[in-house]
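Peer 1: Below are the chains, spelled out letter by letter.
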Amino acid sequence: MPSHDVLIIGAGLAGQRAALAAANAGATVAIMSKVHPVRSHSVAAAGGINAALKPEDTWESHAYDTVKGSDFLGDQDAIEIMCREAPDELLHLEHIGVTFHRDEKGELGTRAFGGASAARTYYVADITGQALLHVLYEQLLKYHERLDRYEEWFTTSLLLGDDGACVGCIARDIRTGRMEVFNAKATILATGGAGQAWKPTTNGLVCTGDGIAQAYNVGAPLMDMEMIQYHPTTLVENGFLITEGARGEGAHLLNSEGKRFMEAYAPNKMELASRDVVSRAEQTEINEGRGVGPDGVGIYLDVTVVPRKRTLEALREIVNIGKDFAGVDITREPILIRPGQHYIMGGVKTDVWGATPLAGLYAAGEVACVSVHGGNRLGANSLLDTLIFGRRAGEHAAKRADAMLMPSSSEAQLRDDVRVIDGIIARPREGRRISEIKDELGTTMNRHVAVFRDADGLNTAHETVRRLKEEAKTAYIDDRGTVFNQDVLGAIELGYMLEVAEAVVVAAIERKESRGAQFRTDFPERNDGEWLKHIDISRNGEDVPEVSYSPVTITRWQPEERRY
Amino acid sequence: MAEFTLKLRRYDPESGQPPYWDQHTIDLEPHRSVLEGILQAKARFDGSIGIRCSCRAAICGSCGVRINGQPGLACHTHLDKALASSRDGATIVVEPMGNMPIIKDLIVDMDAVHWKKVQRVTPWLINKEPIPEREYIVPHENMVDVTQTMACIQCGACVSDCLSMEVDPLFVGPAALAKAYRFVGDPRDAQQEARLRDLSEDPHGIYDCTHCFKCIDACPKGVAPMNQIMRLRRRAGSDFGIVDRNNGHRHEKAFVTNIRKNGLLHEADLLPDSYGGKLHPRAVPELLDSLPVITTALLRRKFTPAKALRHPHRKEFKDLRDYFEKVEGREQRLELNLYITGYDEDAAPPADDAQNAPEQGEPGRTPEESPSR
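Residue numbers (my numbering), protein chains in the order written: chain X, 409 to 972; chain D, 13 to 385.
None of these hints come from the bench; they were simulated from the model. Any given hint could be a false lead.
[Said to hold, decoys possible] Straight-line Cα separation of at most 27 Å, DSS-like style, residue types lysine-lysine; simulated pairs: (1) X:LYS550 - D:LYS128; (2) D:LYS273 - D:LYS314; (3) D:LYS290 - D:LYS273; (4) D:LYS330 - D:LYS319; (5) X:LYS731 - D:LYS93; (6) X:LYS607 - X:LYS731; (7) X:LYS550 - D:LYS338; (8) D:LYS319 - D:LYS273; (9) D:LYS265 - D:LYS314; (10) D:LYS265 - D:LYS327; (11) X:LYS941 - X:LYS920; (12) X:LYS462 - D:LYS140; (13) D:LYS273 - D:LYS338; (14) X:LYS513 - D:LYS140.
Bound conformation, chain D alone (with noise of 0.2 Å):
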């Protein structure tokens, strides 16, 4: 046993107060969870502290809060692991989930946001005609693949802290797009090229991340969300040539190219290249919108105009070239997958530590391939 500190964020909307802190000490072993702390809390000294929890095993999606500032979900966090991770070693910091209005305590209204943006996804199978009598004959692979976005419990953690969102509150956001590649990835579905379009042409669609791994980060099930984003957008812009009003398909080529061929992104191309070149008809106007912009930028010395005109050259660039070789001359697009395939046993147990071995994308594990097609 070891004693823990709490300090809770408290909203009590009856009060007409703000918000305030509310500290309690509770007593349990430190390989217990936050969410466990929290209820002894409850039991013990306040009832009135409000969350919402059921099963205790990060299965149900219930408790997901910040904790000290990272979003969560409360029953999968160690007492002493967010002892470790607080600010001032001392105090669990225990917040309600961001992005999200708080209706109280660590309560937050998830319908006003969350679920809203599911709905956005049509997030149903729309089947392929005519369904079978049996079942419908789907490979293995496909069905272990759209597994991952299924092991989603829609605990709104990765739309918490999702930097997009935030910025504009209209994004479709991980968790519900992630939802969306579920039926992109889903043989069975009928609507996958429509739901791609959809996706593609909403301004606050998929073109909307901007690839801060928030998401991944926050997400409690390793559902990645942002990575289903960006397979999304393998999907829409490269298997189905869908070429979005945003612009969004032709900036990220225009981002794949220049990196290819500066080492490092070379700013003062990107945006003519993502409309066709400096002199595309389409850029001018672009540049000429951007002019603000880019005057800030130069004031507030975010590039030079000698940066601006030549590229720094590095010789390891090759290299890099040569990863984009290696990838793009794959026959099969190589996605990173949550649940390992096959049946058949390792030869040895990997030289690391196999504590972390289920994670995807470690090194030293090959994961395994998922044909999208």
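Only chain X is shown next, with the shape it has when bound in the complex (with noise of 0.2 Å):
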């Protein structure tokens, strides 16, 4: 049974950050990830990383816009860490290799991005995500001596020791089908997030909460659940992308009207308001009949108002989406977006070294819930999030594997597994196929858990998703092999979208009123008197969701109401 100090899974900039990181502190470490590194989501990141750098730029203005973002829901204490430490995360990552885009002097240079008083967010092209996640990934291999890499391998379950901490987890070998136990003093997930429980959103098929749902399942909390980010631009053709370096850059959004609607909600940010804010300034647009395009569901993103050169330079690739993806050159015309379910706020509640409350283990990353986003992420903020965070807890999970003795731990739960899965294999052809019910899921969470929500949709909701879930015991799967069956773990992700699908709706029925991405019609306004605090969702060995509830924590920046 292979053991390390300190185990990974996921390995996305969360993920490979908290493997250097941990390695660096002399533990040794696995990183485990079902598909290949550079594969992960975070490469799809596109416009940037926040960081106060400049010397006319302070930590306190990015905390305070960060904290405003968050509709006062983030903690601040968080916040403040993430911020402060943002400049020399950010300078070691251009020391180890990224190319950050330069200014003429030759210095780091930046672009404006969403609910920031400042531009402060760092570049490549439009390709961040992907040029960040390539140099950790040469990182890796540069320290491959140091780190065991486990590249295709499928995390079944987290295993928990006879103490109830967790030693580590049980996984398969997608190419051979072997399972195996996996023994670690610190275990840290940085398995991304659960977008793939929406039809259609912006995140890889990869994205179905993996980590939330083990993590779920063994008992740790999860956090702010109800908070789920749609982003202002995703393409109506196909939910794909449009970066916020778009309007960043100074791109505008239109409707029916030609009129840049944004000045009626938030005239002094515009379309660089807050992605709830604009999101929801987007679906009233549409939902009043100021749509454009077929059946009016969309808005114009018009690009064209950006110098040609600059576009092609800085955001080449939205332009090869427009023109592969939408057959638009959108240096020449506008195109058509809307919002579109992009970021879970929410996840596994960690403290602010990314350990949660569950003995052993650490989550770092879009799974987790720290919480620096609260009830809305800023743009360019998830990046530093997963970097800041993974480096934390791989120091932490170092400092704590340094302090003890390798735990014990049994072939029991192997054996479990192993037979969870045969049994999955074996079902007969009656149930539904696992196709249909994502869909199924997807298209319920996108009608009734997105930018506006009431009591009626989410009750909807949450019985739909108790249905699937009673039917996901039966949907058959038509691979019976073991090498690469993707199909057998295509039915284990359905299961831990489910999961993640009704701690949301259990958390949003649950939150009666509108803060941050939670907009209830039926509970317009925000309340702080009785709504200023997070919501735990947990398990407690039972199959339904126990809600209770958290302080928000507060430094130095009391709630006020939220202008743009």
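Assembly of the complex is requested from the two constituent chains, each provided in isolation within its own frame, with the hints serving as guidance.
Peer 2: Written out as structure tokens, the structure reads:
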């Protein structure tokens, strides 16, 4: 059985950063991922990474913007840490080789981003996530003697020791079907989000909430699960992301009257208000009949106002996306966009070191909820979140490992997981197809757990998710093999998505106010008196999620009315 | 909505059976991708179809396959376009990539080939010391320049159809060499010369590429790996004067001189010139060694003794010499780049269709200069 001081599950930015930090602290490290690390969804992050690095900028300003962006639900101690440590992290990335954009003096250059009071977003054209991910992977290769990589290994469950602490995981080698116990003193979840529970979504097919569900299943609490970000600019055509960088470079949003409607919603920041604000504005325009395109379900994003050469240099990827996936040359004509599911602010509850309440288990990146994003994440803060808290989790996990012996674990869980997988493979062809259930889940969530919500819709969603959970138990698959049986993994992932979806819906029903990404048409006001608190969702051994609350940490910024 | 027929190359390693063809009819709008077609077939008819995929937007690099024989990303190829390029005009044929062992169906073993080669080029920055307290100060153009190779998503499409790699499986190959340029072109790297020397002296290194352009055609991200290999050669040969033991640099110089002199390649002179001329002590054994090849070529009428001795001369060849002078007379080398740099507004859109505007090397557009020093 492979044993390591620190085991990291997921190899996107948070996972790779955690692995490098833990190895650097002297721990033996394994990093495991169900896809090759550079396929992780961090690769799709386009716009950039925030840091108050310029002499005239301050981390306090960055922190205040983040707190305000979070609609005062973010924990201010964590936000302070993230923003204070951002400049050093950015310089570290520059030093290990990220090809950040330079200004004419050869220094790091920035672009403007939503909800920010200064241009503090550092970027590599519009492939920032890709550039960061590939450079971190270069570092994994560089330190290959200190880091064991398990690429294309699928985690089936987290492993608990006799004292209830997490002591590793069970995983399946996708290429051979072999199952193995991975023993570890500390386990860091870095498995990303759960966007595939919505349809459409900007998220890749791998974003199925694995880590959120796995942690939840072993008793770790989830937090802020109701906070689902709808990105203001996703292609009407297929839900693909158009980076906020486009608006950062000056692009306009236009309704059917050709008006920059953001004037009415956010007269100061216009298109660069917080994402929840812009998405709501767009959806309002669409709902009130001022949408554009077929059936009026879209809004025009007009990039033609950005100098063409600048677009070709700094927004090349979306020029290609427009051309390849919508048949539009964005440098010449506006493109049809609308709000689309993009990010989950909530996740596995952690402290500022990424530690969850469950001993030995850490989480970092989108899977986690520290909470630095609260009710709404600012653009270009997610890359920062993955790197800062990935590093901190790696360091802390290494420290934990240094002070303890390798815990013992049994093979009982391994045998259980093998039985589960064999059971799925052996199911008779009687129930529904996995793909049908996934489709219904996605459509339901996108209809009822989206930009605008109300009790009726949320209750409908909850009933549907409960029914789908039952149906998933008998859903059948076609692949009976062991080598690259993606079918059986799809069945397990569906289970994860349903767990996550239920937690989201239950939290959304619970929060009877409007804050950040949660807008309840039946409770349209923010209500600090009753709801300035986090909603925690725990399993507690039951099938039904249990709701509890935890306080929001406020250090120096008292809640105030949010205007952009 | 329209119906499309997908013919997939399947292989089940556990069955003991050889690969076979599997056909499915799917129903999608014509501008949807081949990947969406495969996923529909997988969802509706057969969940056991194996293909790696995630982002669906040509950024994660998972779904490299061959479509109607051409390498590319399944998510980046529209169904209607794939149909238009199909051999029988009715069936879109999807196969796994080449040059790599097949694991199952459309899934190939990239570790065994691609990633091993990437590892070969020391794929990380070796910092110039001292590391500054703040960022390295680097010209804007240099960062844009290496961003072209940073745009590589490691999908393996170029590896799939690399002709040199087919002949010499040890060839470092287009993707890994493009990755190498990412460091050689990065002013923050301390080992540019050592990297170039290493890749020049390796008999499977930069001079193993035969300029077939396949990788440029294959690349879905415009990285143009062959261009990066040529830039590595220019850096090695012209900037650092690296004369490799494989005679790659001399051969390349002889090639250029030969064309400048003769207008068209004069093959009879190429080999001896690569070794310093017909009577050079190094050329004699090479010529003797090549006798069997020369004889075979003669027998197969690849050339005739008359052609070998008397090279045709045409008037247009003078133009060619002018081009040489023009290009070589430039103060700075002109490099093609994917990313157009600059802030100024274009005066007017080019007259031709703007659809392909960002593509590099398009006639009528001036690629930006990227100083390499």
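Peer 1: Could you work out which of the previously given hints the structure breaks and list their numbers from low to high?
Peer 2: 7
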